[in-house]
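Protein chains: 2
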Amino acid sequence: MTSVDLESRIAANAARLSADLEAFAAISEPGDGVTRLAYTALERRAHDVFAERMRTLGCVVHTDAAGNTIADLPATEDNGPQSVVGTGSHLDSVAQGGRFDGIAGVVAGMEAAYLAALSPVPRRRRWRFVAFAAEEGARFGQACNGSRMVAGLTTLPDTRRLRDTEGVSMYDAMSEVGLRPDDLAADEWDAAQWHAFVELHVEQGAVLEDAGVPIGIVDSISGSTRLHVAVNGTASHTGATPMHKRRDALVTAASCVLAGDRIAKDSAHHGTRVTVGRLEVSPGAMTTIPGRVEFVVDVRDIDSDRQRTTVEQLAAAYRDAADADGTAIIVDVIADTSPVVLPAVVKDHLAAAAEQHGLGYRLLSSGASHDAQQVNKITPTGMIFVPSAGGLSHVPNEHTDADDLACGVDVLLAALYRLDADE
Amino acid sequence: MTSVDLESRIAANAARLSADLEAFAAISEPGDGVTRLAYTALERRAHDVFAERMRTLGCVVHTDAAGNTIADLPATEDNGPQSVVGTGSHLDSVAQGGRFDGIAGVVAGMEAAYLAALSPVPRRRRWRFVAFAAEEGARFGQACNGSRMVAGLTTLPDTRRLRDTEGVSMYDAMSEVGLRPDDLAADEWDAAQWHAFVELHVEQGAVLEDAGVPIGIVDSISGSTRLHVAVNGTASHTGATPMHKRRDALVTAASCVLAGDRIAKDSAHHGTRVTVGRLEVSPGAMTTIPGRVEFVVDVRDIDSDRQRTTVEQLAAAYRDAADADGTAIIVDVIADTSPVVLPAVVKDHLAAAAEQHGLGYRLLSSGASHDAQQVNKITPTGMIFVPSAGGLSHVPNEHTDADDLACGVDVLLAALYRLDADE
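Just so you know, the sequences run in chain order A and B. Taking the working numbering, I'd label the letters of the first sequence as residues 1 to 423. Taking the working numbering, I'd label the letters of the second sequence as residues 1 to 423.
In short, the hints are calculated from the structure, not lab data. Heads up, some of the hints might be wrong.
It does not matter which identical chain is used: a pair holds within one copy or between any two.
[Stated by the list, open to error] Straight-line Cα separation of at most 25 Å, DMTMM-like style, residue types lysine to aspartate or glutamate; simulated pairs:
hint: 1; residue 1: Lys265; residue 2: Asp320
hint: 2; residue 1: Lys265; residue 2: Asp305
hint: 3; residue 1: Lys347; residue 2: Asp32
hint: 4; residue 1: Lys265; residue 2: Asp332
Please model the complete structure; the sequences and the hints are all you need to start from.
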């Protein structure tokens with residue numbers, strides 16, 4: 001029996017995956033869905049669960065300065081290449097999010113490590129399983145923080161600049177949960193030590209479901225630019241202030257929301273996604289004209305140039321809206337990540353791994369940002385998508401069938417063996 | 001010296017008025033401006049200050065079931081008419097409001113009572129000074145609660161239906177601060193006991209300031225219809241969800257905000273005022289398409305028919321916006337008050353009182369709702385406006401010059417004497 005034949009008999013277990021997802025879902029703020037925000041005690045508890053499991057599987061586990069939990073499964077051969085193959089995703093969530101986004105990839109790594117540790121198939125390289133910290137931009141505006149830190153893309157000064165809506169800096173939030181932002185530079189990854197990385201993630205869209213295909217291989221990942229916009233008008237009494245004397249900040253903000261929707265839907269922007277997901281009205285009283293509105297805009301694009309052009313068009317449309325209403329507007333870029341095309345060398349292994357298991361796949365691009373995008377700065381990286389029911393994500397009813405996830409783990413494990421076998 | 005000559009020598013004192021305003025402003029939640037919401041312990045503390053002062057001036061004071069504090073200054077003559085003349089306004093505020101809205105009228109009553117109690121000018125009738133409870137709609141959506149209760153317009157079942165944003169019913173809020181909603185019916189005012197009522201209030205607009213006139217006499221008061229609107233879309237990931245697959249509740253809500261602004265500004269609606277003062281986005285995360293938006297619309301009009309037509313036009317525009325975006329929309333009327341034309345008999349006395357003090361005045365309509373509007377259901381009621389700097393109200397920098405307020409008190413007191421002298 002060849003090694004490839006052996007591998008094909010090792011199969012991920014859907015019930016075990018479901019139990020692991022369930023255990024992580026229980027670590028949440030009260031309320032609908034899962035709330036386990038970046039750099040909170042709840043996120044650390046989830047990391048502890050991951051660390052403990054990986055130790056029992058024989059991994060050497062440590063937490064880096066950024067809060068990423070890194071579990072190394074030693075090679076079974078003595079004289080293999082020194083470079084590591086890795087997999088992983090994240091354990092934090094948005095507020096009232098689901099139990100799959102990020103967690104699916106960490107749980108897939110746990111299952112792959114379990115199967116690999118039991119398997120007689122030799123491993124030439126060290127395998128590294130990673131739970132990245134603070135992937136969601138929900139708290140600090142910038143996504144993929146743990147992976148950006150190991151890739152040297154987010155550094156100590158950024159942690160002092162980035163703040164949550166309560167005004168807490170990332171530096172303070174990290175320190176509060178026992179992490180060491182001052183030591184970030186020392187924990188950046190060295191490209192020379194790496195061979196390749198694969199992240200498994202739920203699709204968060206409906207391409208796979210609509211196509212009836214179990215496996216997605218990610219071709220490219222959208223860039224994302226995030227804007228904070230403040231509109232200042234004049235608060236006053238709703239009854240006593242005539243329409244023509246108003247400077248209503250919400251009227252300007254409403255024009256901005258519609259301008260973004262219109263720009264993203266015009267024919268020149270096929271593929272651009274513009275969203276206002278957060279908007280706050282002050283003072284927020286029924287009988288007071290809004291004097292101030294703050295909102296956050298998320299611009300996604302697979303085309304780097306169009307991403308920048310869209311941001312310029314939005315800023316111009318926002319200024320026009322403010323001029324028309326006599327309000328004042330301030331637009332700040334709070335985060336900016338370029339699109340990434342993932343390397344063919346890993347994609348080819350992922351395709352071969354899917355074929356090995358007789359699973360259909362299709363190439364697709366990711367509209368969401370992922371840790372894989374940042375890790376690709378260090379080492380060739382690939383991504384496996386598994387189907388999301390109804391394409392829903394970042395909501396409590398986010399769902400992926402355990403059987404679909406198990407298929408994804410089979411492809412992940414086969415891909416890790418294939419990368420392990422590379423010279 | 002005639003009685004009218006005597007009265008003209010009694011003058012309100014700006015420094016005393018400022019000190020009283022200052023004392024009430026100190027009774028507030030922390031933060032910008034004054035926050036002393038309806039049916040809270042802070043509102044009751046302000047009522048206690050009023051009650052205590054009125055007792056020292058020789059008034060008989062009680063608090064009714066609705067939380068209105070009622071101070072009766074006895075007549076100085078034994079055989080005068082049994083009907084009372086009254087004045088008053090309210091002591092609650094919006095969140096982060098100013099120190100004049102409502103309070104100015106209560107403080108004016110305190111000053112008028114002080115001057116009347118010292119004055120040798122006889123009073124044929126009992127004079128009633130009222131601090132109404134819960135005038136602001138900021139907490140429960142409906143304005144003028146205390147005055148509506150004594151006028152029989154808001155009754156026990158309403159107190160169980162009206163709720164604040166935390167879900168607390170007005171009934172529970174009232175009970176919590178020691179009031180007696182179960183006894184409301186018994187404390188309704190009897191028209192037969194009343195002769196007339198005058199409310200002094202800050203204008204909350206800029207008509208008087210622009211015209212350089214110290215006194216406004218209110219001709220009519222706008223009606224107000226308040227709508228609660230809920231838009232339901234589908235929350236999902238901002239990056240992974242294509243524009244054409246979205247049901248973004250905030251895009252629909254933005255169209256609704258602009259539709260209201262457009263309708264109120266068109267030529268058929270000269271005088272209609274439409275405002276969205278409160279709007280909340282759920283889940284409110286940067287990377288999640290808004291799945292639900294709730295907002296509140298305040299429609300004001302001096303024309304009763306146009307007020308109803310505007311509400312119908314808004315509801316139709318909202319449905320169109322939701323249909324275009326594939327979202328669902330629910331529009332509920334949470335409060336509805338018709339415009340009121342104030343009676344000429346009181347306006348004539350107010351004009352004469354201003355002339356008596358050599359003060360210029362102009363007639364104007366009120367865009368804001370007032371307790372006077374409700375009291376007018378019981379007894380002929382008038383309103384005196386004093387200038388608002390910059391026309392600003394419901395904001396921390398709401399301001400009326402103490403000298404302007406003193407002029408208003410002079411007119412108020414003269415008008416009370418004139419009404420007192422009526423047969």
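Checking Lys265 and Asp320: alpha-carbon separation at most 25 Å within a copy, between copies, both or neither?
both (19 Å within a copy, 19 Å between copies)
What label fits Lys347 with Asp32 when the C-alpha limit is 25 Å: within, between, both, or neither?
neither (37 Å within a copy, 57 Å between copies)
Identical-chain pair category, Lys265 with Asp305, by Cα at 25 Å:
Classified as within; 17 Å inside a copy, 40 Å across copies.
If the cutoff is 25 Å on CA atoms, where do Lys265 and Asp332 land: within, between, both or neither? Let me know, please.
within (23 Å within a copy, 32 Å between copies)
In summary, the structure is inconsistent with hint 3 from the numbered list given earlier, while agreeing with all the others.
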